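Start from chain A and add chain B according to the hints.
Top to bottom, those sequences are chains A and B.
Just so it is clear: in the first sequence, position 208 is 208 by our numbering, and no numbers are missing.
Just so it is clear: in the second sequence, position 64 is 64 by our numbering, and no numbers are missing.
By construction, these hints were calculated from the structure, which means they are not laboratory data.
Here the structure is a predicted model, which is why all the values come from computation and not from measurement.
Every residue, glycine too, gets a C-beta built ideally from N, C-alpha and C.
Every clue listed holds true.
Restraint ranges, calculated between C-beta atoms of paired labels, are given here:
1) Thr146(B) with Asp186(A): 51 to 57 Å
2) Val11(A) with Ser104(B): 23 to 29 Å
3) Gln168(A) with Ser202(B): 58 to 64 Å
Partner residues are not named here, just some residues of chain A that face chain B (Cβ under 7 Å, in silico):
4) Ala54
5) Val56
6) Tyr57
7) Tyr76
8) Arg79
9) Lys80
10) Ile84
11) Lys90
12) Ile94
13) Trp103
14) Arg106
15) Val107
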Amino acid sequence: MGMKGKAIEIVGFTKKFGDFTAVDNLSLDIYENEIFGLLGPNGSGKTTTLLTIATVYKPTSGDIYVFGHSASREDYEVRKLVGIAFQEPKAMWIDKPIDLLNWHARVVGYSGDEAKRVVREVMELLGLWEHRNKYFYQLSGGTRKKVELAKVLIQKPRVAILDEPTAQVDVLSKHALWDVIKKLRDEGTTILIATNDMFEAERVCERIAIIYKGRLRALGTIEELKDSIPRGDVIEIQFDGLLPESLRSELEAYGRFELRSNALTIYVEKGEEKVIDIVDLLKGGGVRVKKIMVKEPSLDDVFTYLTGAKLREE
Amino acid sequence: MSVRISGFIREAYVVSLRDLRRFWQNIYWLAGQVAMNIADLVIFGLIFRGLVNPQLIPDYIRFITPGVLCLSIFISAFTIGREVGVELRREVTHYLVSLPISRSALVAGRILGGVLRGFIYQSGFIILAVLIMGSPTTEKWVLTITASTLLAATMSSLSITVSTVTRDFNLQAAIRSLVYFMFFFVSNVFYPEKALQARLGSAAPIAYYSPVSMTVSIYRYCFGYLQSVDLFFNLTGLTAWCLISILLAYRLYIRNLTR
Numbered sequence: 001m002g003m004k005g006k007a008i009e010i011v012g013f014t015k016k017f018g019d020f021t022a023v024d025n026l027s028l029d030i031y032e033n034e035i036f037g038l039l040g041p042n043g044s045g046k047t048t049t050l051l052t053i054a055t056v057y058k059p060t061s062g063d064i065y066v067f068g069h070s071a072s073r074e075d076y077e078v079r080k081l082v083g084i085a086f087q088e089p090k091a092m093w094i095d096k097p098i099d100l101l102n103w104h105a106r107v108v109g110y111s112g113d114e115a116k117r118v119v120r121e122v123m124e125l126l127g128l129w130e131h132r133n134k135y136f137y138q139l140s141g142g143t144r145k146k147v148e149l150a151k152v153l154i155q156k157p158r159v160a161i162l163d164e165p166t167a168q169v170d171v172l173s174k175h176a177l178w179d180v181i182k183k184l185r186d187e188g189t190t191i192l193i194a195t196n197d198m199f200e201a202e203r204v205c206e207r208i209a210i211i212y213k214g215r216l217r218a219l220g221t222i223e224e225l226k227d228s229i230p231r232g233d234v235i236e237i238q239f240d241g242l243l244p245e246s247l248r249s250e251l252e253a254y255g256r257f258e259l260r261s262n263a264l265t266i267y268v269e270k271g272e273e274k275v276i277d278i279v280d281l282l283k284g285g286g287v288r289v290k291k292i293m294v295k296e297p298s299l300d301d302v303f304t305y306l307t308g309a310k311l312r313e314e
Numbered sequence: 001m002s003v004r005i006s007g008f009i010r011e012a013y014v015v016s017l018r019d020l021r022r023f024w025q026n027i028y029w030l031a032g033q034v035a036m037n038i039a040d041l042v043i044f045g046l047i048f049r050g051l052v053n054p055q056l057i058p059d060y061i062r063f064i065t066p067g068v069l070c071l072s073i074f075i076s077a078f079t080i081g082r083e084v085g086v087e088l089r090r091e092v093t094h095y096l097v098s099l100p101i102s103r104s105a106l107v108a109g110r111i112l113g114g115v116l117r118g119f120i121y122q123s124g125f126i127i128l129a130v131l132i133m134g135s136p137t138t139e140k141w142v143l144t145i146t147a148s149t150l151l152a153a154t155m156s157s158l159s160i161t162v163s164t165v166t167r168d169f170n171l172q173a174a175i176r177s178l179v180y181f182m183f184f185f186v187s188n189v190f191y192p193e194k195a196l197q198a199r200l201g202s203a204a205p206i207a208y209y210s211p212v213s214m215t216v217s218i219y220r221y222c223f224g225y226l227q228s229v230d231l232f233f234n235l236t237g238l239t240a241w242c243l244i245s246i247l248l249a250y251r252l253y254i255r256n257l258t259r
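The following block holds chain A by itself, in its conformation from the complex:
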């Protein structure tokens, strides 16, 4: 990462709620001005990590440092550096976006008139202005998420934490929001995004940490993570019926494979050459093949390879 300093330093961070360990001994660094992704399925510990960085939770052990300030001992200093867009918008049914954001602007330091100007600019940028006087319960899920993002854009913090920022947002708006997020980074903000959307992670994030069941499973750039699968290609085969036990050992000879109901994922080298042999093997075992696909590994494949689980349960 060249000469970039550390924006966030997570050191042996563990968070427990009673007997349940949400995050287990997590350590990683996030550098200034990068867009960093925390990738993992629901319940993997992403949100707990983000909320601890935002000083909503206190670490059970270990610590998190934001530009050198300890989240557990210097929480006030940390809050001055961090802005967060929550996964679930935090508002009451009676709130209106314009009131929420005007107040937020005052809290983060703008004076009255200046606050109104900045709020209008940000609301217009995100297409929220027409919704400004609606009650929160009247807004769609995507619009509520935009209100959360608006808070961060108004604040322009040194570290922006975005928890699933485009969940429930329509496809067209997603692309616009990703551009807004990148522009925020260009203006000097370090961005930490939690997502279980593999496409979002590939599209926006420069480095990614894969978290599963509270533990760090992999860390690196997207290319580094894809290269971490020891074999180069992924063959996906959909079939009817059951896979006979006798075929399993023969399939293992080609490489590691994952079986999920009627879908087989095999990690192999030179997939184009081996796919014919594998299909012949399946047909010989009485398996009726419906669909075959050979592709380069995606982040989803990396995740499945590392954890044996899917990012989004189908």
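Just chain B now, with coordinates in the frame of chain A:
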């Protein structure tokens, strides 16, 4: 140090603005409360005026007006706790604790929000009291405002305490109703102190040491219904209620804010 104090005051003030805005949004609730308080005054005043022993209460309207004045600030300052409770349950609190303000300023701002609600709501009833009973002297205005401030801070803090003392919603609602009922009815708002001492027996101290009773006594003195009152007892008592309530609210709210 002075920068830190001015920062704290600014943060607490900005937090209180949010609670003030929400107060005006509950316009139907407000209208209902005003109607109820005026009904207290009219119904109790008109019905009991000729019924009550004139040796105990010479003029029931002049007797009840300071009581309603007190109820108005108690009821409005107490509303803050209900919102704090709902926010904790719906995790809106996560947003509040992530903001670049100190936790102490956040708690102080919520208490201040309740106090300001109390003053705004009470202002109309103060005008009504002046129309019915005449304007107090300057010294007595100062005394009235002091008592109002102490009671509003007490009720705002107590309502936050009740909302944060337990995470069990049903238990919280029960405690809230009990506290509200105790302050509303077991006080000298509707009944003279002599009658309370005679009829309530061992429960009479509850009314005697109630912050509502203390405030009503001060109001009755300031607005000329009583010729004298134990100012030291009432002001010291109110101050003690205020400090203990703020301390409790601070500790319990902070405990709920940090996990």
